[in-house]
Every structure is written in structure tokens, then in C-alpha cells.
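Asker: Take a look at the letters that make up each chain.
Protein chains: 6
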Amino acid sequence: MKKIAVFPGSFDPITKGHESLVRRAMPLFDEIIIAIGHNADKQSYFPLKKRLEWLAIVFKDMPKVKIESYSGLTVDFCLKNNANFILRGLRTSADFEFERRVGQVNKYMNQKLETIFLLSSVEDTPVNSSVVREIHKYGGNIGPFIPRSVVKLIQNWQ
Amino acid sequence: MKKIAVFPGSFDPITKGHESLVRRAMPLFDEIIIAIGHNADKQSYFPLKKRLEWLAIVFKDMPKVKIESYSGLTVDFCLKNNANFILRGLRTSADFEFERRVGQVNKYMNQKLETIFLLSSVEDTPVNSSVVREIHKYGGNIGPFIPRSVVKLIQNWQ
Amino acid sequence: MKKIAVFPGSFDPITKGHESLVRRAMPLFDEIIIAIGHNADKQSYFPLKKRLEWLAIVFKDMPKVKIESYSGLTVDFCLKNNANFILRGLRTSADFEFERRVGQVNKYMNQKLETIFLLSSVEDTPVNSSVVREIHKYGGNIGPFIPRSVVKLIQNWQ
Amino acid sequence: MKKIAVFPGSFDPITKGHESLVRRAMPLFDEIIIAIGHNADKQSYFPLKKRLEWLAIVFKDMPKVKIESYSGLTVDFCLKNNANFILRGLRTSADFEFERRVGQVNKYMNQKLETIFLLSSVEDTPVNSSVVREIHKYGGNIGPFIPRSVVKLIQNWQ
Amino acid sequence: MKKIAVFPGSFDPITKGHESLVRRAMPLFDEIIIAIGHNADKQSYFPLKKRLEWLAIVFKDMPKVKIESYSGLTVDFCLKNNANFILRGLRTSADFEFERRVGQVNKYMNQKLETIFLLSSVEDTPVNSSVVREIHKYGGNIGPFIPRSVVKLIQNWQ
Amino acid sequence: MKKIAVFPGSFDPITKGHESLVRRAMPLFDEIIIAIGHNADKQSYFPLKKRLEWLAIVFKDMPKVKIESYSGLTVDFCLKNNANFILRGLRTSADFEFERRVGQVNKYMNQKLETIFLLSSVEDTPVNSSVVREIHKYGGNIGPFIPRSVVKLIQNWQ
Numbered sequence: 001m002k003k004i005a006v007f008p009g010s011f012d013p014i015t016k017g018h019e020s021l022v023r024r025a026m027p028l029f030d031e032i033i034i035a036i037g038h039n040a041d042k043q044s045y046f047p048l049k050k051r052l053e054w055l056a057i058v059f060k061d062m063p064k065v066k067i068e069s070y071s072g073l074t075v076d077f078c079l080k081n082n083a084n085f086i087l088r089g090l091r092t093s094a095d096f097e098f099e100r101r102v103g104q105v106n107k108y109m110n111q112k113l114e115t116i117f118l119l120s121s122v123e124d125t126p127v128n129s130s131v132v133r134e135i136h137k138y139g140g141n142i143g144p145f146i147p148r149s150v151v152k153l154i155q156n157w158q
Numbered sequence: 001m002k003k004i005a006v007f008p009g010s011f012d013p014i015t016k017g018h019e020s021l022v023r024r025a026m027p028l029f030d031e032i033i034i035a036i037g038h039n040a041d042k043q044s045y046f047p048l049k050k051r052l053e054w055l056a057i058v059f060k061d062m063p064k065v066k067i068e069s070y071s072g073l074t075v076d077f078c079l080k081n082n083a084n085f086i087l088r089g090l091r092t093s094a095d096f097e098f099e100r101r102v103g104q105v106n107k108y109m110n111q112k113l114e115t116i117f118l119l120s121s122v123e124d125t126p127v128n129s130s131v132v133r134e135i136h137k138y139g140g141n142i143g144p145f146i147p148r149s150v151v152k153l154i155q156n157w158q
Numbered sequence: 001m002k003k004i005a006v007f008p009g010s011f012d013p014i015t016k017g018h019e020s021l022v023r024r025a026m027p028l029f030d031e032i033i034i035a036i037g038h039n040a041d042k043q044s045y046f047p048l049k050k051r052l053e054w055l056a057i058v059f060k061d062m063p064k065v066k067i068e069s070y071s072g073l074t075v076d077f078c079l080k081n082n083a084n085f086i087l088r089g090l091r092t093s094a095d096f097e098f099e100r101r102v103g104q105v106n107k108y109m110n111q112k113l114e115t116i117f118l119l120s121s122v123e124d125t126p127v128n129s130s131v132v133r134e135i136h137k138y139g140g141n142i143g144p145f146i147p148r149s150v151v152k153l154i155q156n157w158q
Numbered sequence: 001m002k003k004i005a006v007f008p009g010s011f012d013p014i015t016k017g018h019e020s021l022v023r024r025a026m027p028l029f030d031e032i033i034i035a036i037g038h039n040a041d042k043q044s045y046f047p048l049k050k051r052l053e054w055l056a057i058v059f060k061d062m063p064k065v066k067i068e069s070y071s072g073l074t075v076d077f078c079l080k081n082n083a084n085f086i087l088r089g090l091r092t093s094a095d096f097e098f099e100r101r102v103g104q105v106n107k108y109m110n111q112k113l114e115t116i117f118l119l120s121s122v123e124d125t126p127v128n129s130s131v132v133r134e135i136h137k138y139g140g141n142i143g144p145f146i147p148r149s150v151v152k153l154i155q156n157w158q
Numbered sequence: 001m002k003k004i005a006v007f008p009g010s011f012d013p014i015t016k017g018h019e020s021l022v023r024r025a026m027p028l029f030d031e032i033i034i035a036i037g038h039n040a041d042k043q044s045y046f047p048l049k050k051r052l053e054w055l056a057i058v059f060k061d062m063p064k065v066k067i068e069s070y071s072g073l074t075v076d077f078c079l080k081n082n083a084n085f086i087l088r089g090l091r092t093s094a095d096f097e098f099e100r101r102v103g104q105v106n107k108y109m110n111q112k113l114e115t116i117f118l119l120s121s122v123e124d125t126p127v128n129s130s131v132v133r134e135i136h137k138y139g140g141n142i143g144p145f146i147p148r149s150v151v152k153l154i155q156n157w158q
Numbered sequence: 001m002k003k004i005a006v007f008p009g010s011f012d013p014i015t016k017g018h019e020s021l022v023r024r025a026m027p028l029f030d031e032i033i034i035a036i037g038h039n040a041d042k043q044s045y046f047p048l049k050k051r052l053e054w055l056a057i058v059f060k061d062m063p064k065v066k067i068e069s070y071s072g073l074t075v076d077f078c079l080k081n082n083a084n085f086i087l088r089g090l091r092t093s094a095d096f097e098f099e100r101r102v103g104q105v106n107k108y109m110n111q112k113l114e115t116i117f118l119l120s121s122v123e124d125t126p127v128n129s130s131v132v133r134e135i136h137k138y139g140g141n142i143g144p145f146i147p148r149s150v151v152k153l154i155q156n157w158q
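Chains as they are written, first to last, in my numbering: chain A, 1 to 158; chain B, 1 to 158; chain C, 1 to 158; chain D, 1 to 158; chain E, 1 to 158; chain F, 1 to 158.
No lab work stands behind these hints: they were computed from the structure. Be aware that a few hints might be false.
Since the list can't tell identical chains apart, any single copy or any two copies may satisfy a pair.
Stated by the list, open to error - List of simulated lysine-lysine pairs, BS3-like, C-alpha gap at most 25 Å: (1) K64 <-> K112; (2) K3 <-> K137; (3) K137 <-> K2; (4) K112 <-> K2; (5) K50 <-> K3; (6) K16 <-> K42; (7) K50 <-> K112; (8) K2 <-> K42; (9) K2 <-> K50; (10) K80 <-> K16; (11) K64 <-> K137; (12) K64 <-> K42; (13) K107 <-> K49; (14) K2 <-> K152; (15) K49 <-> K2; (16) K112 <-> K3; (17) K3 <-> K64; (18) K107 <-> K50; (19) K2 <-> K16; (20) K3 <-> K42; (21) K107 <-> K137; (22) K2 <-> K66; (23) K50 <-> K152; (24) K80 <-> K137; (25) K49 <-> K112; (26) K66 <-> K16; (27) K49 <-> K3; (28) K112 <-> K60; (29) K3 <-> K66.
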């Protein structure tokens, strides 16, 4: 059976941590679907279309990575895509408490769905998208936190 | 390249949580080596020989699972066995803080070594080997915490 | 003196975890008042009237359980109802940090008010109302998380 | 049915935190058994006989408090004493992770056994017996951490 | 070189914890700038003008304390004010996880900027501004949580 | 008044994290006393004499750093050395819970003693002395975790 993992998130915007995670997880899977969950009620900082574009640029060298968006429950998206794995990164113990809840609830909804966690890299541990948005908003330099190929695109977006 | 994972631990004794973890992780790998780390200085509760036997019984239906023991550093054991992955379970945020340290230090020692985490099952979250030892020591019933095939063997060991 | 406990919350909606908590705590008290705190500023997902109805259905077999709503400070509500105890459940260490703050601040405001904590049941530990709302919103099955007697009522509410 | 709680611990030595907990929990129960768990393998700092004496002095004004010692599993001690409740205090989130494990495992062993938690008082939150032992060992002043009636007895013990 | 620390926050409103922190940190620095970060998007509970006034009253006996407001990134405000230190308090492990992220990200943006942490006092550990706002909103007594010199001013503000 | 800080620890052995902490904290103080607490009961991995030597080598370029050892309570050592500050590093939230206890208890014993915390550097966050001892014991490469000037001395010690 093909090993397909969904990496769900808002990627608002993608960080070096996200990129590193996908590259390190790739050897485990036949396909990784990076899936931007979007939701009519919740406003994002960067528009969905841009976030999809930036993901496509960062992973253009990886044919086994697909970029998609979805609304609704992650478990339903996985089912529709024949994915038996959810991929997530762990930075802090606050992350962990949240992820455990989500992972265990997803199991209640679909016994076959396994969440696979990788650690953030040491140097990416303090970084998340919300930090990047805050810095971008005030015109600070987001370079240290963003994949090289999209730094300029994201920095200059307004 | 063959996907080999090492699942290191003391398995003193194996719990339902360990068993569940290996069964759920199996689809990701070509081989899982359950590796009992032992150490001249640290005393175990159950002897190494018994712990190896019990693991062999629990996983006898899984030909892709190997049971071994080692002393020394886990990174060296992985290298020797051509394993690029370490498999670990996460129950609590205290676990997480410990595992993050170990996982990130192992990366400093071997950049290619990736630690893969799965969550404990909901019902196994409060259980660990140390709880089982405490109950065994005072003659309590360890049945709810131990794989069925070895409950009697472990309960009656003295 | 009568032992009265207030179990404050938003119960938006009631979960199996809430039900289990009240049933397990009942032997300790002469009366438990389940009290929905509501607040003109904060919007709930389910309307107050429905949340009160569902609580009444779940606990209709327990004459010592009262269902009420209040606005304002919990300490004031307790005082008005001659309650010396606040009842709360604990699932995760993130819960705990929050509850400790609230419990210790309530003590500063009323020295006689004691908060009594029970653990969530193992199988309910990952579940909270916010998870249930998320699933309900996208039409998922909330059955595993909700007291049996109100599953249909809540599932079909819109 | 009589409401009996067991408050298990090593009380090596009793602290202000322990005393406060018992006094605040007393209104909930008909009887509280303070039970020193002892264990041939683990060495205590103060001898069992002294620890029992000091507890008896601190609670001599509370006829509903009994002082006992036991070895073996706490669940067995509760059963033998017809106690349906275990009483424990919570100071920190590290405490909580440990207590959750113990409380949930005890439930696996005896479904009727409920663990009841109270928060440490604000001023006692940083204090535990191990801190007191460290200070005592080097002749420091343990007065701020110990019930008044036994400060001199414990300070001068050697 | 002059040792200047910035103590950034929203001080919405100032608490006893903030006051204690500044008084205890003062011996380390030549100047402490208490800096209210404000932000067109985020609404505060108390108006900026009032928050600045209350800070000025509380610290009027401390000539080395300056009160300012800023918008934008804290690292930029520090640079503009020749401050090499950021001062922050730590109450809980949830605080710590948040502060570590912010502190380490600030370091990525300015290698010379060091964040200095002091512990909250034991009695102030459960208190934060959000608790005070909640109590104020419902007309409760905020006296135990607020510096004496401004209790009435804040309590009566509406 | 001279600003003297004590940095207590076992430094068994010194890590890059310790070195970084002292160098970053130096601008705040007139003198930092690195103080190895030793204790007849507790066995160290490296002998006290070696640990003192290695500290002296690492900080030989910093005349304001003193290296000492002590037994007994840290608060007493501070008093004897006219130190009003204790310096400590924070890596993880488990660290934080421990340090808060120690810091707040020290305050109970000496109101004037303030503990000052700095964050570990991002790259040193996963490292502690116990990890280094484990690696050393099995002949692994401790180079990434140890100040350059003493790597060989520590690696080759036996």
C-alpha cells in the first residue's frame, strides 16, 4: 500500500521549520501532501493563494510533495486522499499537549490514522509562523526564519 | 535503501504501550529492531535474558521485528545496524522534554539519524514500566498493563 | 453545614468528561450546582438555553444536581449560593497551570472557598468542548465525546 | 456510607503544606487517614517512628485524623480501610504529571477509588519535604516550612 | 557603558507583580525603561494614557525608572534607546515556554540583546493583568493584586 | 555596593552552555563566583579538583570570574561572599519548575538574595552535563558540547 502522509497546517507563512520537517520526513513516505486548512471564519495574515504559491516554490525540487488546500476536518481530508498518516512537528511541551489532544481525538474518529511526529531542528525550535507575522507586520527582517527561496517574496508582500 | 528503525529502551518489563507502538509503527519501516540498552552500572528489576524472551514472545508474529540488546551509545548501535531512524513513544509533556533533549543530542552526533515519535494510545497513556514494577513488587495484578501473551510469565516471575 | 459545590464552566457543549466528573464527585457533596457562566461580550457556539436543557437531560436522574446560569464572578455566585467548594476537572498540565491560577486567586478573594479537583477519566483526557465544536461545525460524528442521552440533540442542532 | 480518605506520603518530614492540605480537606470527609508508606528498600531521612510522632502532634486537635503506616500498594491499604478516596495536593505541573499517572493507574486497579486534589496554598507552593531535608542537613533554619508545633523537635533531631 | 534595561509589556493594568519585579531588578541596572507596547489592532482594557499615568505614580520615588510607550518591534525600541537588556518576570512554566520563544527570537534579530528574568514573588505568582481585568469588569475587589498607591484610581476607573 | 553573583552548580563537567551563560551575564556584575557545590554523600563523575581546573582554564581571560567550591547551603555561601545575586540558566520548562522552587525557597531564607536567570543559547538548549557524562562514559565524541579549550582534557580524562 502506498504510504501517504498529510502535513496539515496554515503555513501562514511557511517557515524554515516546516521546510526542514518535510525534507527529513520524506524518506519515510511515498507521498507527502502539504495541506493548508482554511476556514471561512478565521482570517489569515497572508492570502491562501500566496501561501500555496510559496509552498510550491520551496518544494519544487521534491516531486513526491503535493500542495493542496482543504476546508473541513483533517480526518476527512486524509480519508479522501487515502492517507493513513498525519505528519506534525514538535517544538515545545506546549505544542506537545496540543498535538496529543488532536492526535488522540483523530484516532477516536479513524482508528487507522496514525500521527507521526518529528522534532523541530535545534535552531528552528523558537520559530513559528506567528513570530514571523509579528516581525513582518512591523517591517523587521524575516530572513532568519524563512526558506531562502521565498524570503524576498514574503518580505515584500503587502 | 532499507528503512530500519531502532526502538531503544529497557523494557523492564514490556508494557501494552510498547507493544501498541511497535504494531502501529510497523507499516512505516522495513525492519524494527527492539534494542534493550543494558549497562553494567544500572540494575534492572527483571533480568536481561527474561526481558529478551518476553519481547520475542510478544512479537513472534511479526517477522520484521528483531529483538537485540546492546551496551554503549544508541547512536553507535544505530550506525552498526544501518538504522537511520529511532522510534520512540510520547505519553506526557515530561516525556517530551526528555525525548527532545535526547533526540536533538543524537542529531548533533549523527546528522542522518531521525527520531520518529508516535503517541501512546489513550488507554496506555498513564502506564509505564516503573508503575508495573511497583505493582509487581507488592504482588498486585499487572494484567491491565502487560501484553496478554506474557502476563502470566511476568506476573509469576520472581 | 451543607456541603455545596459549584461546578462552573461554559459547557459549550457538555462532554462525557463533564458528566463523568459530576457523577464521580457526587458522593463528596450534598449538592452540586452546575453553573454556566455567561458573559455579554463572549459569544458561545451553542445558545445558553440549549446548553441548560442538555445539562438538565444528562443529570435528570441525579436530584442533588442543580443546573443554573450566572454572570459575574464565580466567587460571588458561590457566596450567594452558600457554596464553599468549587469543583473542577484536570486533564493536562496546561489545564493545571490555568486552574492553579484561578483557584489561588479565588482564595485571595474568599479564604473559605476551596477548589476540589478530580482527574479526567483516561478515555476522556483528550476531549474538550472546543474539539467537539470543531467536529460539529464540519458535520463530523460527535458521538464518541458526548453523553449518550444528548448525542442526537446536539448533533442535529444548527 | 462513611467518607474515608487516605492521604498517602512519606512525610519525611511533614511540611506546612501537608498540614494546610489536611485542615482544608477535613470538611469533605468523615475521616482522613494520614498513611506513611514505607518500604524496606528505600531509605528515609527521618526514622518512621519520629515521622509518625510528629504527625500525631500536629493533628492532635483533629479527632477525625488518624495516623498510620503501611507497606505495599496504596490501593490495597485503601481497600483494607474501606477508604474510597485518596487525598493529594498539587503544587506544580511536574507534580500534576506524576499524580495523574498514579491516580489513573489506581483507577485501573480499583474503579471505585477516586483521587481528590487540593491546591497547595500560595505561600507553600515552592516547599516540599526534599527541600526541608536539604536545609536540615546543613543546619539551616527550617522554621518557615514546618508546622509550628514541631519545628523545634524536627530542627533538633539528629 | 550605561546598563539600560527595557521592561516591555502592556501593563493593562500594572500589578503588584510588575512593581515587585522592577524594585528587585533596579540594583542591576543604571536605568529601567518601562515600555508599554501598543498596537493599533489590539484593544486594551484600560486606555494607554491611564496606564502610563498609573505607572508614573507607582514609580515616582524611583528616578532611574522611565515610563514610555512604543509601537513596533521591541528589538527596535531597545536599539533606539541603547538598551542591551530586556527585563521579564517568570511565574509559570507556560510563561517560560512563551518567554523562551520571544527571548531566543530577539537574539536572532540582535545578538547583543540579552533577556534577564526574575521570578515572580511567591505571593504574586498566581496574579496577572488578565485576572485583574476580569475582576474589575464585574466590580470585584482588585485591592490584593494592585500596588497600593493606585488601587483606588484603577478600581474606580470606568 | 559591589554587584557579586554566585553561579552555583556541579559543573560535572562544564558545558558550552555554562560558558555562554557566564560570558553573557558578565556585563551585569562586578564579579561572578562560579561555585562548585560538593557534598560528601553525592558522588560526582569527574573529581572536584579536575572540575575546578577546567573552569579556571575556560575563564582564564575573565579576571572578574572567580572559581570556588563549597559545601553546605548556597544561601550561606552567598552571605559569606557578600553576594546578593544567584545566577542560573534556563533551558526547559522542567528546569524552570525546579529553579522556581529553589529560587523561591532561597528567598524565604534570605530576602535580599535575588536569582537572575538567562536563557540558554538556542544551540545549547538540549545539552546538559548529564548528557556529556553519558557520551564520555561510552567513548563518544563530546566535542560539540564542551568549551573548545578543555575538550581534549575532558575527553581524555579517565
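Asker: Evaluate each hint against the coordinates.
Answerer: To see whether the hints hold, each was checked on the structure:
1. K64 <-> K112: both (22 Å within a copy, 20 Å between copies)
2. K3 <-> K137: This pair counts as neither: shortest intra-copy Cα distance 39 Å, inter-copy 29 Å.
3. K137 <-> K2: neither (42 Å within a copy, 31 Å between copies)
4. K112 <-> K2: Result: close both inside a copy and across copies, 14 Å intra and 24 Å inter.
5. K50 <-> K3: Answer is neither: 28 Å inside a copy and 36 Å across each miss the 25 Å cutoff.
6. K16 <-> K42: within (24 Å within a copy, 28 Å between copies)
7. K50 <-> K112: neither (33 Å within a copy, 32 Å between copies)
8. K2 <-> K42: Neither: 33 Å inside a copy, 43 Å across copies.
9. K2 <-> K50: neither (30 Å within a copy, 38 Å between copies)
10. K80 <-> K16: neither (29 Å within a copy, 29 Å between copies)
11. K64 <-> K137: neither (33 Å within a copy, 32 Å between copies)
12. K64 <-> K42: This pair counts as neither: shortest intra-copy Cα distance 30 Å, inter-copy 41 Å.
13. K107 <-> K49: For K107 and K49, neither the intra-copy (31 Å) nor the inter-copy (32 Å) Cα distance is at most 25 Å.
14. K2 <-> K152: neither (36 Å within a copy, 37 Å between copies)
15. K49 <-> K2: neither (29 Å within a copy, 38 Å between copies)
16. K112 <-> K3: both (13 Å within a copy, 21 Å between copies)
17. K3 <-> K64: both (11 Å within a copy, 17 Å between copies)
18. K107 <-> K50: neither (32 Å within a copy, 29 Å between copies)
19. K2 <-> K16: Result: close neither inside a copy nor across copies, 27 Å intra and 28 Å inter.
20. K3 <-> K42: Intra 31 Å, inter 40 Å, cutoff 25 Å: neither.
21. K107 <-> K137: between (38 Å within a copy, 19 Å between copies)
22. K2 <-> K66: Both: 14 Å inside a copy, 24 Å across copies.
23. K50 <-> K152: Answer is within; shortest intra-copy Cα gap is 13 Å, inter-copy 41 Å.
24. K80 <-> K137: Between. Shortest inter-copy distance 19 Å satisfies the 25 Å Cα cut-off; intra-copy 37 Å does not.
25. K49 <-> K112: The answer is neither: 32 Å in one copy and 34 Å across copies each exceed 25 Å.
26. K66 <-> K16: For K66 and K16, only the intra-copy Cα distance (18 Å) is at most 25 Å; the inter-copy one is 36 Å.
27. K49 <-> K3: Neither: 27 Å inside a copy, 36 Å across copies.
28. K112 <-> K60: between (30 Å within a copy, 23 Å between copies)
29. K3 <-> K66: Both, since 14 Å and 22 Å are each at most 25 Å.
Of the numbered hints listed earlier, those contradicted by the structure are 2, 3, 5, 7, 8, 9, 10, 11, 12, 13, 14, 15, 18, 19, 20, 25, 27.
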